[in-house]
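Here the protein sequences line up with chains A and B, keeping their order.
Oh and the first sequence: position 26 is 26 in our numbering, straight run, nothing missing.
Convert by adding 1000 to the 1-based position in the second sequence; the result is the number in our numbering.
In short, the hints are calculated from the structure, not lab data.
Heads up, some of the hints might be wrong.
When the alpha-carbon atoms are kept at most 25 Å apart in a straight line, the in silico SDA-like pairs for lysine to any residue are as follows [said to hold, decoys possible]:
1. B:K1064 to A:V205
2. B:K1064 to A:D188
3. A:K184 to A:L271
4. A:K142 to A:E93
5. A:K184 to A:P23
6. B:K1064 to A:T189
7. A:K184 to A:R277
8. A:K142 to A:L127
9. A:K184 to B:R1110
10. A:K81 to A:L127
11. B:K1064 to A:A282
12. A:K184 to B:S1088
13. A:K184 to B:R1107
14. A:K184 to B:R1089
15. A:K69 to A:E131
16. B:K1064 to A:L187
17. B:K1064 to A:L284
18. B:K1064 to A:D195
19. B:K1064 to A:D204
20. A:K184 to B:A1069
21. A:K184 to B:L1092
22. A:K96 to A:Q63
23. A:K184 to A:Q21
24. B:K1064 to A:R191
25. B:K1064 to B:P1153
26. A:K184 to B:H1111
27. B:K1064 to A:I286
28. B:K1064 to A:T283
29. A:K81 to A:A129
30. B:K1064 to B:V1215
31. A:K184 to B:D1090
32. A:K184 to A:W26
33. B:K1064 to A:A192
34. B:K1064 to B:S1150
35. A:K184 to A:A282
36. A:K184 to B:G1030
37. B:K1064 to A:R277
38. B:K1064 to A:L281
39. A:K184 to B:Q1070
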Amino acid sequence: MFGWFFTSPPERRLLGTRPLQGPTPWLIAIMTFSIMIVAAAGLALAGTAQRVSAGASARYSAQIPNGDKLAQALQVVRSSKGIAEAEAVPEQEMRKTLERWLGPAGVSSNLPVPALITFDVGAGADLRALEARVAAIAPGAKVIAHREALGPVLKSLRALQWIALVLVILLGGACAAAVVLAAKGALDTHRATIDVMHGIGATDVQVTHLFQRKIAIDALIGSIGGAAIAAVVLLLLAATSAFAGELIGGATLGPIDLLVLALIPLALTTLATWVARTAVLATLRIAL
Amino acid sequence: MRGAWQGARVKGRIVLTPIAEFDSVGLRYGTGAEVLRDLDFRLAKGGFYFLTGPSGAGKTSLLKLLYLAQRPTRGRIALFGEDLTAASRDELPHFRRRIGVVFQDFRLVRHLSAFDNVALPLRIAGASEQEVEGPVREMLAWVGLADRASARPPTLSGGEQQRVAIARAVINRPEILVADEPTGNVDSDMARRLLHLFTSLNGLGTTVVVATHDVGLISATPGARIIRLEGGAVSDPTGVLKNPLPAEFG
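So here's chain B without its partners, still in its complex pose (with noise of 0.2 Å):
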């Protein structure tokens, strides 16, 4: 596990560069009361973190906004260096780009093959269909659906539909990959292998934040911080999450 800052050294001082800062982060919907607030911390490039926290915590919110689905109300949210309070929506699509997403419900285009829907983000990233074949077909073959590429997401099971959801959230390989509640459809023995496909992308560099109350998914992964949420807000009672020690500096 890295789970580490990543820096350069620059005459001898290590600079710090955080994949995502976020600083007093305040999200309200509508004129409702706000489901998460003062949210300080920051993740480490090449870090593994799963985000826990009862149900209403504001575990998707957060997901959201870090997957740049919905802007906070107040705060400040920098992601790979750069400030993105005020980024304007056509900016938006540069950085999701760069993050992959694995939804609960997987969010599948039903009327597009297994192999159409891992191919998406790189036919929206403007690759062309020689730059696509490879690596989707290989993308398929490295979640066990090689046979399966053809086959439309209502005929396949729950668990195929969520390895299908992964292989798309991770063809572009990633800087950050988010993922909400991915063990949430499947049986214990699809979960552990779900578990071994993220740890192998943070192994390649792929900063991985999971959201789940499964505990045994988080006692399986030695060395994952954990982001607890509680009432809206992040419990850091050590600060660790705001100020990470030096000793993590890779």
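The following block holds chain A by itself, in its conformation from the complex (with noise of 0.2 Å):
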């Protein structure tokens, strides 16, 4: 199956260039290194979005107005059939929480705020009967879902994913076509070799075979080497997270997503060769 790559020093010799001659392997390099960071933020946002939606499926909060009668409450919402991991956040925790991102006006006394119980839905809870039950406590208490108040939050998050995905694809795309005017330049530059083969009864196969090992050869090295920068890259963001983490909601990599960027040079590899294969027979067929 890959007797084409393993060929002997005559056969290597034929085409008369040396790996890493010509535009190639750069441009491979570049697609490379453009696709790892656009599908490395895609499957970051993907893995956010799972961890986010996962944690708010069954997470709901009573909101208490003024934050009045708020032990009372929490007592009342741990008792009910079907609640765990009941939590009161205090007002001055929202206070502390809204500075940072309204300033000074988050702690302002103007500003109302209420105290928050979260807690985890399980089966056999009842939230019509325990919104009531904390809202006779707490007037105008309420007990809100958090994946609707995070719906929006998530949609973006797919749609950045979306847009990761179609940006890879179309990345694989130029690459491609890439590859299909690299091989018809080396087979323009190739033309007496290839006419003297074919005059000495070479098939179409065998004068493919030659260039399919060379950008095999060009685009296997300049995958890895735009995977190792794209890699370095991603380790400086990631030393970074420490800054970044709370912005972009603690975004990280898990196993199956550094597999999947893992295989991303050779698939790459395995595309240029087979465009190659299929674009220089393509053009013998047509040209000669």
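Relying on the hints, combine the two individually framed chains into one complex.
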């Protein structure tokens, strides 16, 4: 299956070119780098969206206006059937959180801030009854599902994921187009050698193998180089995540994400080799 | 000189096996006028032929048809007893490996050594390096270039390049050897030596077709047949090229 790759030295001499000669490896390195960065961003967004979505699916909050009677309300929530992990978030903590985003206005008493009780809902919970019981203690209290509050955020994250996927596909297509141009350029450069080979009985497949091998090596070297630079950039980003972590929601890459990223250079090499083979065969059949 | 149809006797009758048959063959490039028309002739297996005619008569085009670099636009060509009119592109390499070609401009691969150029047909045919080494050294010695095996074409003289091209053309013992103006770039002494190579090959059974203007070359090869092309057509007033005489049977 890969016999064409492991050729004898005389066959390697036929094209008279060395690996890394020409723009193909550099083009593929740039494409690999771009694809890996975009793919890493997309995968991190997907992971974040999944974590946020999973965390919010059973999570609810009871809003207690002005923070009055928080302790009694918390007692009611904890004693309700099917409720777990109920925790109170006092008004002061809410104001501190708001201060990070709104500045001093966040701690101003002119800004009405409710206290919150967050809790997980399990089997047998009756949210309407719970809301009624809490409202009986703290009038105006409301129970809100986290997934409703986070809906627009999740929607945005998913849209970004799709954009990343489309970008990866477009970059892959651009890479394939670059390989087609490179293969056709190589055919023009070696036209005289090809004519001689055909004249003495070489088949199209034999001629194609020479170009297929050259582009496979160029693509392999280019994609590994591009991937290595992308890995360095991603590691630097990870190192600064302590700074950016809160802004990007603690986006991280799991083992499967890393495996997907590691397969990108191999996938691009395979794509480039297949495209080169197809383009060369098609060109030989049309032109000669 | 063999110069004869090679055939086999089957129950007392001779079965002809011409090596090349052209029937009503025409060739045009694109939408231009026909450069070759109504070619009707046969080449005997083991024969020696000179293809002559004025410049522009279509000699090179005829040779291209013969070594399968070009398909006819009409008519029928059969080589080695097989009709190639409708042969697929993938079938042609098999037939090309049975034909050796010496181009006027040599067409050596410039970045390969003389050894690698001569070895090319064997390697393309799938020979191993062990099978290549001996015959290529022997062939280079035969054309007097044993000590130039590692030289690349740009460092060889015209005559040396010509001999490398001939060695490459005959390395796999082709059944037909086609040479286009082989003496066009060499002096008279070299031309004589090349002719000696061709007649030696012919003596080994190879059908030789040489396109040339060189009258001296033709006159130095008694027994060779002459195919004269004029205005894209073969001049065959006696019809002997189309229907060879029984006396030519081997």
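Quick rundown of the hints versus the structure:
Distance restraint check for K1064 of chain B and V205 of chain A: the Cα-Cα separation of roughly 22 Å lies within the 25 Å cut-off, and the hinted pair is therefore satisfied. Taking the CA atoms of K1064 of chain B and D188 of chain A, the gap is near 22 Å; set against the 25 Å cutoff, the hint holds. For the given pair, K184 of chain A sits about 16 Å from L271 of chain A by alpha-carbon distance, which is consistent with the 25 Å threshold. As the CA atoms of K142 of chain A and E93 of chain A are separated by approximately 19 Å, the hinted pair is consistent with the 25 Å bound.
Taking the CA atoms of K184 of chain A and P23 of chain A, the gap is about 13 Å. The hint holds against a cut of 25 Å. For the suggested pair K1064 of chain B and T189 of chain A, the alpha carbons sit about 23 Å apart, so the restraint of at most 25 Å is met. Note on K184 of chain A and R277 of chain A: the hinted pairing holds, with a Cα-Cα distance of about 11 Å set against a maximum of 25 Å. Proposed proximity of K142 of chain A and L127 of chain A is supported: the alpha carbons are some 10 Å apart, at most 25 Å.
A distance of roughly 21 Å separates the Cα atoms of K184 of chain A and R1110 of chain B; the hinted pair therefore holds under the 25 Å criterion. Between K81 of chain A and L127 of chain A the alpha-carbon distance is near 10 Å, which keeps this suggested pair within the 25 Å criterion. For a cut-off of 25 Å, the pair hint linking K1064 of chain B to A282 of chain A stands: about 23 Å separates their Cα positions. Restraint check: the Cα-Cα separation between K184 of chain A and S1088 of chain B comes to about 24 Å, which is no more than 25 Å; the hinted pair holds.
A distance of roughly 22 Å separates the Cα atoms of K184 of chain A and R1107 of chain B; the hinted pair therefore holds under the 25 Å criterion. Distance hint between K184 of chain A and R1089 of chain B is fulfilled; the C-alpha atoms sit about 20 Å from each other, no more than 25 Å. Between K69 of chain A and E131 of chain A, the direct Cα distance comes to roughly 15 Å. Compliance with the 25 Å bound is thereby established for this hinted pair. For the hint linking K1064 of chain B to L187 of chain A, the alpha-carbon distance of about 22 Å falls within 25 Å, and the restraint holds.
This hinted pair checks out: K1064 of chain B and L284 of chain A have alpha carbons roughly 18 Å apart, not beyond 25 Å. For a cut-off of 25 Å, the pair hint linking K1064 of chain B to D195 of chain A stands: about 13 Å separates their Cα positions. Straight-line distance between C-alpha atoms of K1064 of chain B and D204 of chain A comes to about 19 Å, which keeps the hinted pair within the 25 Å bound. Straight-line distance between C-alpha atoms of K184 of chain A and A1069 of chain B comes to about 21 Å, which keeps the hinted pair within the 25 Å bound.
The suggested pairing of K184 of chain A with L1092 of chain B holds, with an alpha-carbon distance near 23 Å, which does not exceed 25 Å. The suggested pairing of K96 of chain A with Q63 of chain A holds, with an alpha-carbon distance near 17 Å, which does not exceed 25 Å. Distance hint between K184 of chain A and Q21 of chain A is fulfilled; the C-alpha atoms sit about 15 Å from each other, no more than 25 Å. Restraint check for K1064 of chain B and R191 of chain A: the C-alpha separation of about 18 Å stays at or below 25 Å, so the hint holds.
Between the alpha carbons of K1064 of chain B and P1153 of chain B the distance comes to roughly 24 Å, so the proposed pair stays at or under 25 Å and holds. Between K184 of chain A and H1111 of chain B the alpha-carbon distance is near 20 Å, which keeps this suggested pair within the 25 Å criterion. Restraint check for K1064 of chain B and I286 of chain A: the C-alpha separation of about 19 Å stays at or below 25 Å, so the hint holds. A distance of roughly 21 Å separates the Cα atoms of K1064 of chain B and T283 of chain A; the hinted pair therefore holds under the 25 Å criterion.
Of the supplied pair hints, the one linking K81 of chain A and A129 of chain A holds, its CA atoms being roughly 10 Å apart against a limit of 25 Å. Restraint check for K1064 of chain B and V1215 of chain B: satisfied, since their Cα atoms lie roughly 22 Å apart, inside the 25 Å limit. Distance restraint check for K184 of chain A and D1090 of chain B: the Cα-Cα separation of roughly 21 Å lies within the 25 Å cut-off, and the hinted pair is therefore satisfied. At most 25 Å may separate the alpha-carbon atoms for a hinted pair to count; K184 of chain A and W26 of chain A meet this at roughly 17 Å.
Taking the CA atoms of K1064 of chain B and A192 of chain A, the gap is about 16 Å. The hint holds against a cut of 25 Å. Taken as a hint, the K1064 of chain B and S1150 of chain B pair is broken in the structure, with Cα atoms around 30 Å apart against an allowance of 25 Å. Pair hint K184 of chain A plus A282 of chain A holds up; C-alpha atoms about 10 Å apart against a cutoff of 25 Å. As the CA atoms of K184 of chain A and G1030 of chain B are separated by approximately 23 Å, the hinted pair is consistent with the 25 Å bound.
Taking the CA atoms of K1064 of chain B and R277 of chain A, the gap is near 28 Å; set against the 25 Å cutoff, the hint is violated. Taking the CA atoms of K1064 of chain B and L281 of chain A, the gap is about 23 Å. The hint holds against a cut of 25 Å. The hinted pair formed by K184 of chain A and Q1070 of chain B meets the criterion: a straight-line CA distance of about 23 Å does not exceed 25 Å.
This entry does not satisfy hints 34 and 37, going by the numbered hints stated previously.
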